[in-house]
Every structure is written in structure tokens, then in C-alpha cells.
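Dock chain B against chain A, hints included.
2 protein chains.
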Amino acid sequence: MIDSAMETNLCVIAGGGILPRKIADNFDSSGNRIFFLAFRNVTDPEVVAGRHHEWLELGEVQKAIDAMHRNNVDKVVMAGPIQRPALSSLALDTRALKMLAKGGLKIFGDDGLLSLVANEIEEEGIKVIGIEQILSEVLTKEGLLAGPAPTKIFWDDIKRGLHVLNRLGPCDVGQSIAVQEGVVLAIEAIEGTDQMIERAGSLQRNVSGPILIKMSKANQDKRVDLPTAGPETVNNAIRAGFQGLALEANNSLLLDKDRVIKIAEKNSFFVIGVDQSKILQ
Amino acid sequence: MIDSAMETNLCVIAGGGILPRKIADNFDSSGNRIFFLAFRNVTDPEVVAGRHHEWLELGEVQKAIDAMHRNNVDKVVMAGPIQRPALSSLALDTRALKMLAKGGLKIFGDDGLLSLVANEIEEEGIKVIGIEQILSEVLTKEGLLAGPAPTKIFWDDIKRGLHVLNRLGPCDVGQSIAVQEGVVLAIEAIEGTDQMIERAGSLQRNVSGPILIKMSKANQDKRVDLPTAGPETVNNAIRAGFQGLALEANNSLLLDKDRVIKIAEKNSFFVIGVDQSKILQ
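Residue numbers (numbering that gives the first Met the number 0), protein chains in the order written: chain A, 0 to 280; chain B, 0 to 280.
Hints may be right or wrong, so weigh each one.
Claimed, not checked - In silico SDA-like links for lysine to any residue, alpha-carbon gap of 25 Å or less:
id, chain 1, residue 1, chain 2, residue 2
1, B, Lys151, A, Gly103
2, B, Lys151, A, Thr93
3, A, Lys151, B, Ala100
4, B, Lys151, A, Leu96
5, A, Lys151, B, Thr93
6, B, Lys62, B, Arg32
7, B, Lys221, B, Lys151
8, A, Lys151, B, Ala85
9, B, Lys151, A, Lys151
10, B, Lys277, A, Gly168
What the hints assert, rightly or not - Sample of chain A residues at the chain B side, in silico, Cβ under 7 Å:
id, residue
11, Arg83
12, Glu180
13, Ala185
What the hints assert, rightly or not - Quick look at which bits of chain A chain B covers, simulated, 3 or more residues with Cβ under 8 Å:
id, segment
14, 154-168
15, 227-237
Simulated from the structure, these hints should not be mistaken for laboratory data.
For glycine and all other residues, C-beta sits at the position ideal for the given N, C-alpha and C.
The shape of chain A in the complex, shown without the other chains:
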């Protein structure tokens, strides 16, 4: 590796899934250096294999910051989901405990903790950036992205879903929901979208739908991982009998868009980017 003052040294805080790798692939081509912080039982070892990385336990905040300084990191990005663990199950270091003490009620939420971590890093003079600043093409665009345009009944379900998620948002819990003809089949909490889709599939009725709706939380910290969907999400939804996916435009990530569109088109499944401010009055 070449050390140069002109380079950006990016640290990727690697949650689950392949997104951290995608960032690395993209960033590498720009000639800058990348460094992974990987977390045991969270990060997929294959994603960081062969890359400059360090393994940590969740809760080792000081160790994470030390590693960033050691690698002259000047920017940090969080990529991929990290499920908010029970605090007493963690080996929290002193720095983490101090951080939590500052956090107050925020530590209750799924994203609140990550948001605190981001603040802690920025206090070290290191900038925490959103994924969309590296991979702008993954931000969900507004409008119909694939498949047939939603019918009136599907639009009503999208509205119903957005309404419920909008109420739930400030609680910093769940970011997706399955709706079928106005009936909320399932609300996501800690189980993750894929399990929620499967459950909703088994609870659906013999009518059109259901629809999957995924949006960011009220005042979501954009430095923290945004709601994400990709080919797996769409495949799972189609397998479970869903007929469409609504993602929040400009506030969620759509991975592998070309593959998503291909799968969706083949299955007459719609994918749409919606602006909640235009839909919820």
C-alpha cells in the first residue's frame, strides 16, 4: 500500500451482507485506500477476506477508534445491518460506557446506538459519511422502477404501510411492513426483513397482494445504514406471494438494480420509489 497525503483512507464499519464489499470494490477503483472493521458474529468473513481488516467485538469502541487512527483513517462509512444487541450481553469498554451515559434514551433504538458511535468517531476529527456519498447509484430513485404500475388497491396499501411506518419511525424500531388490502400482515422488529416477508407470506389471504413497504425512520441519521433492498429481498418477496415493493425514494438503498429489475419484470412484480412527503398529508 502506498502512503500519500493526497489519498483518502476510508474505514468501512462492516455490518452484515455484501454491501461493505461493494463499497470496497467501488472505492478501490478510485485508487484510495480502504480499511475494514469487521465484527465477530456480524460481518461475513468472506466479505473482508484478502482485504486490510481488523476483527473486533461489538462494544469495543476505543479499540475501533484506535484502529482508525493507526490506519490514518480520515473518513468512515457504516455499511450493512448491525442488529442492536442487548447491552448487558456486550463486553463494553470504558469508552463505550461513557458514550452510552451520554446517549440517554437514544440507546433504546436500533439506530440510536450507531448514531452515538458516529458522533464519537467525529469527535476524533474523523468524518462519518453516508453510503450514498460513495455509491450514489444505489440510492432509490423516485417513480416506478420495474414491473406494472401499482393499481389503486396497491396504492392504498402503500399509503397504509407508509402511515404505520411513519408513526413507528420516531420509536427507532422496524423499517418494513407487509400490507394486503389494508390489513397489516406483519411489522418488522428485530427479526429482519427476510423473516418478516416469510411470515407475512404465510399469513396472507387469498386476494391480490401483499405489498412490502420499506422506509427510513423519522429523522434517520443518514450516516447510519439506510433501509436496503436487493435481489434477495425481491426474490424472497416473490416466493412468498408478494406483488410489489415500495421503497422510500432518496432515503433507501436499492442494490443490484439491474438484477432487481430483471427479476421483477419477469414476475410482474412492481418496484417503486415513493416520496412519503407527497403521499402522507
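Chain B only, in chain A's frame:
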């Protein structure tokens, strides 16, 4: 059966579970007459067996009202859960369609539809009463009802749960939640409390808890079935590793309280009635 102008003729709109039978047992002893409306695929046939009853399909509103008049019903009570079905899956009669047209957005909710049905019945000069008017002893009382007093960590989880349910209430979806050290493990939608408990059990972490919190929805129509827990709920929760149950005092039903207390005490599981207005500021 004796016909007398002095008697009350009560119609029980029988949802799932044994609650409709309990009402009948209690009401019979008062010497009044009871008449069941049972619904295919909803009401347990054993609950109405040997009782004066009629079977209907969900959506047959006119038929239900005609049956009430034929049986000189002067009071109606709704007992036991009726899952809100997809409207297009129902054989709706003309009366039901007119009712829905009046209902507007209310028809989206789980209870909204039942509330509309209650209004429709009252327009016929028949009074719809809450279950607590017949079985006052099933209303959840405020304070610790069984088991050890909740510790600080459990109180925090109760608050977190109430806060989320309070946000969700106006959407008329779900009325229970599982929380463990601030982490919302599961939110109930259409699957019912028992399935939610099982799921939360499998998602829990290796720390104390989880806690089950169940409360009524904002502006809940008390004529419509209130949130309910009983020995089965507590047994399921204990089996799934839960350590306590918080019910909304005066706004939820606790069935078979003596058995609940026995089971809870034996398992060091707390059952508490909480007044959300005192807890949420």
C-alpha cells in the same frame, strides 16, 4: 326458554376462544336469555354447542341484525378475537357494503370494522355493551397482580413497550409487543399474540427478559373486544422464556385470574396492571 318482558335477551357475537362461553355461563346464572351469533372459521363450535345459536359468514350484516330482531335481542356483546379479513375475500351483503361506504378509512383497521358493526347494530335500537359490563372481574386491575415486582430494567422495558404501542395505537394495528433490555424483539400484527410470543422467544438474547406488553389502542372502542390475556398467554410466555407481562389496567381483560396468578407465582413471572397515562409523559 321462558319469554318475559323483564328479561334481557343478550346476543353474544362470538369470536375465537372461550370468552363467549364464559359470558354465557355468567349470564345464564342471572336467569336471562342468551343467543349466540357464531361465525364459520372463527367461532369454536364447542363454545356454542348445546346453546341457542345461529351460524353466519363474516360479512352477513343484514342476516346478523335480522337474527337479533327475531330473537328479541336488546343487548349485544362482542367477545373473542375476530381477525379483520381481506374485504374482497368476504361475501358482503348490501347492508355491509353500505356500512363500509360510511366507514371511510376506519375500515383499514383491525377494530375499525367491528366498531362500524357496533354502530350499525345500535342504529337498530339495540345496545352494544362492553364485556366488562357483564364480567367486571375480568378487567385488569392496576398494580402488581402476581410474581416478583419488576426490576428497574423491566420497568424500562415496560415503558419502551408502552411508548411504541402508544405510537402504533392510532393506526389500529397490533396491541402487543415483546421487549428485552430496550430491544423490541417483536411487534404483533395479524399473527396474534401467541405466535408473536413464540417468535420473540426465538429472537431473544441471553440476558434477563423479555417482557410482554399488551395495551388497548388509542381511542379504542370499548364495545369492541379489548386486549386479552389468560393462562394460555402466560404459559406460552413462560415457555418462550419471558419474565413478565404488563397489561393496561382497566383497559384489558385478564381471564382466569386465579389460574394466571398460580402459574405466574410458580414461575417467578410477574403480571402487572399498568396505567399508561401515569407512565407515558
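Query raised in the report: Looking back at the numbered hints, which does the structure fail to meet, lowest number first?
Result: 7, 9 and 15
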